[in-house]
Amino acid sequence: RKEVEQDPGPFNVPEGATVAFNCTYSNSASQSFFWYRQDCRKEPKLLMSVYSSGNEDGRFTAQLNRASQYISLLIRDSKLSDSATYLCVVVRTWHQAGTALIFGKGTTLSVSS
Amino acid sequence: GAVVSQHPSWVICKSGTSVKIECRSLDFQATTMFWYRQFPKQSLMLMATSNEGSKATYEQGVEKDKFLINHASLTLSTLTVTSAHPEDSSFYICSASQGAGGTDTQYFGPGTRLTVL
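Residue numbers (the working numbering), protein chains in the order written: chain A, 1 to 113; chain B, 1 to 117.
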């Protein structure tokens, strides 16, 4: 089983739509989670952290379900500029070299007018 | 904000040659640097983690003799792809962290696109 799994999409939605992305992770000991956004041929950029209590940043809401090892990202009122690939990220910890980010394959969103 | 640069941004080379990619943290000291590889329509795959002054830790399946990583200073890490082959063609991205990585914010470089003919 992969460490981080996402539905690759693509999700094609009209402007103003609400869209949700899901992600599952395999290591139950994982403690930290993020959503990153990556535009075509660019480096990934941090979108938001994911907390157990859920967190919201404007039109974006992230949720974590530790029991199910499941992370979600909800985007409300989609804009054209939201078109990108959204990467689910889990922090892996090991003793020798600290920690590292493990990326999911990404879910592609295309918002059309 | 913190800036990470990579050089070159793209490179084309012949099969069998070696290519060096530099990753620099421009305005902060990077205790830890990470190297990722991304194939088309795939996600970033962590290749290795390097801490300044020590040997890099490679992910399973990544050949350490083929992908040489040097993190000689707190602002520079290099990745050398030795004896490159067409299957090494990919987008190589580095990231840098002031701490041990993970929960510390990682700042990503713009990436280097390698094409091996």
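Warning: the hint list may mix true and false statements.
One-sided excerpt, in silico: chain A residues whose CB lies under 7 Å from chain B [to be verified]:
1) PRO44
2) ASP82
3) ALA100
4) PHE103
5) GLY104
6) LYS105
7) GLY106
In the BS3-like style, the derived pairs of lysine-lysine whose C-alpha atoms are separated by at most 27 Å in a straight line are [stated by the list, open to error]:
8) A:LYS45 with B:LYS14
9) B:LYS64 with A:LYS2
10) B:LYS41 with B:LYS20
Which chain A residues stay away from chain B? Per the calculated CB distances, all over 12 Å, these [to be verified]:
11) GLY16
12) THR18
13) GLN38
14) SER49
15) GLU56
16) SER68
17) SER72
18) SER112
No lab work stands behind these hints: they were computed from the structure.
Cβ atoms here follow ideal geometry from the backbone N, Cα and C, with glycine treated the same way.
Going through the hints against the structure:
1. For A:PRO44, the suggested interface contact is upheld, since its CB lies about 6 Å from the closest CB of chain B, less than 7 Å.
2. Hint status for A:ASP82 relative to chain B: violated, with the closest Cβ pair at about 19 Å, above 7 Å.
3. Interface restraint check: A:ALA100 against chain B, minimum CB-CB distance 5 Å, threshold 7 Å, status holds.
4. Among the interface hints, the one on A:PHE103 holds; its C-beta lies about 4 Å from the nearest C-beta in chain B, closer than the 7 Å criterion.
5. At about 6 Å, the closest approach between the beta carbon of A:GLY104 and any beta carbon in chain B falls short of 7 Å, and the interface hint on this residue holds.
6. Nearest Cβ of chain B to the Cβ of A:LYS105: about 4 Å, under the 7 Å cut. The hint holds.
7. With a least beta-carbon distance of about 5 Å to chain B, the hint placing A:GLY106 at the interface is held under the 7 Å criterion.
8. About 32 Å separates the Cα atoms of A:LYS45 and B:LYS14, which puts this hinted pair outside 27 Å; it is violated.
9. A distance of roughly 22 Å separates the Cα atoms of B:LYS64 and A:LYS2; the hinted pair therefore holds under the 27 Å criterion.
10. Distance restraint check for B:LYS41 and B:LYS20: the Cα-Cα separation of roughly 24 Å lies within the 27 Å cut-off, and the hinted pair is therefore satisfied.
11. Residue-level check passed: A:GLY16 sits 28 Å from the nearest beta carbon of chain B, beyond 12 Å.
12. Listed as a non-interface residue, A:THR18 keeps its Cβ farther than 12 Å from every Cβ of chain B; the least gap is roughly 24 Å.
13. The non-interface label for A:GLN38 is inconsistent with chain B: the shortest C-beta to C-beta separation is roughly 8 Å, within 12 Å.
14. Interface exclusion of A:SER49 from chain B breaks down, the closest Cβ pair being 9 Å apart, not more than 12 Å.
15. Listed as outside the interface, A:GLU56 is consistent with that label: its C-beta sits roughly 20 Å from the nearest C-beta of chain B, beyond the 12 Å cut-off.
16. With a closest Cβ-Cβ approach of about 22 Å to chain B, A:SER68 is found to remain outside the 12 Å limit, as its non-interface label requires.
17. With a closest Cβ-Cβ approach of about 18 Å to chain B, A:SER72 is found to remain outside the 12 Å limit, as its non-interface label requires.
18. Once the 12 Å rule is applied to beta carbons, A:SER112 is consistent with being away from chain B; the minimum gap is 20 Å.
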